[in-house]
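Participant: Required output: the full structure, derived from the provided sequences and hints.
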Amino acid sequence: MIVFSERPDFQKLMQAELKTRGIRSHVFIGSQGIKNRNVVLNDFKNNGTHVLLATTTCETRLNIPQANVVIIADTSWTPSKQIPAYSRILRPQQTRKPRIYLLRARSMSICSS
1 MIVFSERPDF QKLMQAELKT RGIRSHVFIG SQGIKNRNVV LNDFKNNGTH VLLATTTCET
61 RLNIPQANVV IIADTSWTPS KQIPAYSRIL RPQQTRKPRI YLLRARSMSI CSS
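In terms of our numbering, the sequence shown opens at residue 1 and continues consecutively.
Distance condition first, Cα-Cα at most 25 Å in a straight line; then the derived DSS-like pairs of lysine-lysine:
1) 45 x 12
2) 81 x 45
3) 45 x 19
4) 97 x 45
5) 35 x 12
6) 81 x 12
7) 81 x 97
8) 45 x 35
9) 19 x 35
If you anchor each label on the Cβ, the simulated ranges turn out as follows:
10) 16 x 47: 12 to 22 Å
11) 80 x 103: 10 to 20 Å
12) 34 x 107: 38 to 48 Å
13) 48 x 107: 29 to 39 Å
14) 77 x 18: 21 to 31 Å
15) 56 x 91: 17 to 27 Å
16) 95 x 42: 15 to 25 Å
17) 33 x 105: 26 to 36 Å
18) 45 x 106: 30 to 40 Å
19) 47 x 110: 40 to 50 Å
20) 13 x 100: 18 to 28 Å
21) 39 x 9: 20 to 30 Å
22) 110 x 50: 34 to 44 Å
FYI, nobody ran anything at the bench for these hints, they're computed from the structure. All figures in this text were calculated on a predicted structure; none of them were measured in a lab. Glycine residues also receive a C-beta, built at the ideal position from the N, C-alpha and C atoms.
Facilitator: Structure below.
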């Protein structure tokens, strides 16, 4: 499973929450540097990490058919960001049915002071 968010702080918060539930995850963000991101990606692909928490750093030029679920945690107003994100799992090597989820709020309340 890959969870996309444009917010690195959100991904770090998600990783902490998943850890409390015993779910292995890795954060994949631009500030890690290429070498560290490659280590994270290889571990996700080969060693059974369940969740890859990625920012836009992971949206293009990567093939990740090991995942078949993508969750877009914060959707963009334009599909030009979402399509490359979920395309990471839509590869000829994919052996499982791909599933893509877009998180949406049911309602919004505006707080005023």
